[in-house]
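Trainee: Now for the letters of each chain:
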Amino acid sequence: MIDMQERQGRLEQLVDDLLSEARQQGATAAEAGVSSDAGLSLTVRMGAPETIEHTRDNGLGVTVYFGQRKGSASTSDLSPQAVKETVKAACNFAKYTSEDPCSGLADAELMATELPDLDLYHPWDLPVDEAIEQATRCESAAREEDSRIINSEGATLNTHSGVHVYGNSHGFIGGYPSSRHSLSCAVVGKEGESMQRDYWYTLSRLSGELDSAESVGRIAAQRTVSRLGARRVPTQQAPVLFQADVAVGLLRSFISAIRGSALYRKASFLLDHLDQQIFPEFVQIHEEPRLLRGLASAAYDNEGVATVNRTYISDGVLQSYVLDSYAARKLGLQTTGNAGGVRNLRISCGALDRTALLKKMDRGLLVTELMGQGVNMVTGDYSRGAAGYWVENGVIQYPVEEITIAGNMKEMFMGLQEVGSDVETRSSVQTGSWLIDRMMIAGG
Amino acid sequence: MSDLIQIASDTILAPVGLGESDLDRMLGELTGNAVDAADLYFQSSRLESWVLEDGIIKEGSHNIEQGAGIRVISGDKTGFAYSDELQLPVLLEAAQAARAIVRSGADRAVQIAGRSGGQQLYAPINPLPSLSETDKVELLKRVDAEARKQDPRVKQVIVSLVGAQDVILVAAIDGTLSADVRPLVRLNVHVIVEQNGRREQGSSGGGARDAFDFFLQQERGLGYAREAVRQALVNLEAVEAPAGSMPVVLGPGWPGVLLHEAVGHGLEGDFNRKGTSAFSGRMGEQVASSVCTVVDDGTLPGRRGSLNIDDEGTTSQCTVLIENGILKGYMQDKHNARLMKVDSTGNGRRESYAHLPMPRMTNTYMLAGESDPQEIIASVQKGVYAVNFGGGQVDITSGQFVFSASEAYLIENGKVTKPVKGATLIGNGPEAMTKISMVGNDLKLDAGIGVCGKEGQSVPVGVGQPTLKVDELTVGGTGQ
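One line per chain: the protein sequences are A and B, in this order.
If you're matching positions, the first sequence starts at 1 in the numbering used here and goes up one per residue.
If you're matching positions, the second sequence starts at 445 in the numbering used here and goes up one per residue.
Incorrect hints may appear among the rest.
Said to hold, decoys possible - Derived BS3-like pairs (lysine-lysine); straight-line CA-CA distance at most 30 Å:
#1 B:718 x A:190
#2 B:888 x B:593
#3 B:785 x B:521
#4 B:593 x A:95
#5 B:772 x A:190
#6 A:190 x B:898
#7 B:599 x A:266
#8 A:95 x A:84
#9 B:772 x B:718
Derived from the structure by calculation, the hints contain no laboratory data.
Please work from the sequences and hints to get the whole structure.
Mentor: This is the structure in structure tokens:
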């Protein structure tokens, strides 16, 4: 703990040095960020350690403003010499970039003034031997779960912690240590000619909150064997249930579409949709950036602006965009304190668990995996590869693969019938499963 | 080649007071009875990027990274540590951490020999100062103006210009001492067009292991602007794409992303050593129709995916993966090659010193066939002709792969008719390859924009192919 405080102090000094160097080199304003992380990442495969990686990453970045012109530079080198050279490189770029009336630091009066401890730092003092032992238990549980598990990509344990400090020439400086730990497992199953792979993982800021190694392995194995013998379904329109972990992607697409940078570029299918109905009335979407131990928590955003709780969707109606100060100025609005994105977003979840959701769908497709990048943010057109299960009479019938699902996100959002109670908690964007009334399924 | 070692040594080692004897000493720390392989990878890279948006130069940034990665292999176990501080005590500490994977064994001395390589596929230049800052700004502005003057419906233009130089030095206990100086430039144009309230996008770009004037030659930069606008305008007229299984004709060049996904990843050595690929254990078998010959070629001069040496110091080569439909070879790095008792094919690549090398593609393409492209289209009653794509993805175990068309047309009665909206195409790699029934005589490589991601590591790659026909692929449109 002392060690981390020292490191934070050292990084704060570096930020200070960067800002004064920028001032000396003639910048009218500047902002700087410095980070330092260290960790361990190891994989056990087929019962033996496969890779052991000791990671250690440093980074330093500075942006300088000469009036309305800006330049940036970054490096992995934290030496005093690098500070000078990096600032110089940034200043050099500022000679060639254009006057941009919207550029500059966020307004001084918006800077975060209180910086509460959000309890994000829980280092895991895990000896390599014990880490190997945990990963081994995880992989063994997967390999022993079912005789159809014939191969493995291994179990991987990651533990990382670090400090990040940000400061700007308004006099703002903030920094905090944080930690992140995860355990994942991927195995291969075979039955006849069908070979499938799937995975599972657990993730937390606190090692004590990770799921047990055995349960991660078992779920990875169950997910894998349940996909064996997958086949196509005929091309048709049908309801689609997005399992919670893949529904997260839909919620992220919604956020991307109301992000300032997409809006001022006219590159969003939700352009000019403020105060309009985007989801059915039962939908509420909130952001809570200061949640204790939250995966994306922070008291200030990437420009030093205080983060606040925010409602994006109230009774299905769009209440706010996601803005940093640049996009806000472009749009004639005020920043929402979202430089760097949303922090701990959650959609209101209903009472139905997966079994009840399947029953409500009755007949259709349960999607558990999506492939490819077929999401067009300009038009909202959505077309992606999918795998999952075919459902009849509210019960899973057989696994499905080599199909696509397609629609337009505006219609998909309005066609949302139900959000499940089965919340995906391993993400900074949290939701239960989504039942969507109907999409085009292309198959055999 | 020795010149490259000199440049790398001057760039990376000399400024921090390290010499060849220090490399010997570090390698000495890594040796031992149970150690099968070990290497040191030094890297120094500079990257510069510029962004033009709304007609003004909005961003300019510079990045410098340097560091060393230290790897020790025993059997199939790998220990790895890296540092961005190039000081001998720090590096020796990292060497100890990497070495900890092997518990026994006595140290022995290593003398690095140096290896004479030969190929110079690109000049050992630093592209960053190859054009003055004023000329870079001028280039961006001309590209922007070119896009805007194509059509009044162009509402937004974003142009980005990136240049990088990567200097690497590899020393290994097998005696390897190799270096490379790798330039890389890229220019991209993205446009938004609007007509009667409907908005669509188009994008184009290119790049090479060359200096920035690559974009001035043959008006390449201006050409990307025209191409991006053309694509966006085509999309304004696009109707619903069909849904279901049908014949698909893929245009030449960038649609070769099909090969990258459908067979490329599945033929990387690591997956096949572990037996997790749909192609595992199928060497010598028919895995594609007999009109298909696919290679991975790291030796094409100036290409984005090309390498004089890979990141383990092995000279890159042209590897035949599939010949007349028969599976001939996997792509290997040293580690997987050793375990499979074959030679490395020069495909050992890593994103940076902070990442472990693994088998990766370079430039992957299908050789030309004999069909006239017009004949291929004329052979389809009802299907889709896809000429531009976004990214793709593959599940190497089940063989499922997808790639997303960003410009495609209907084929009706042997003729290309209406443009259709972007749609994802999905198939099963080994199965789709056997359904390739016609291969055109118009082999083309992509313009130099490919980035491949694997296990969190990105590397530049190239793809290519002639026009080809797949008798059946699933097209993920919304139309009946």
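Trainee: So, for every hint listed, does it hold in this structure?
Mentor: Hints, verified against the model:
| no. | hint | verdict |
| --- | --- | --- |
| 1 | B:718 x A:190 | holds (14 Å) |
| 2 | B:888 x B:593 | holds (29 Å) |
| 3 | B:785 x B:521 | holds (16 Å) |
| 4 | B:593 x A:95 | holds (28 Å) |
| 5 | B:772 x A:190 | holds (25 Å) |
| 6 | A:190 x B:898 | holds (23 Å) |
| 7 | B:599 x A:266 | holds (8 Å) |
| 8 | A:95 x A:84 | holds (17 Å) |
| 9 | B:772 x B:718 | holds (18 Å) |
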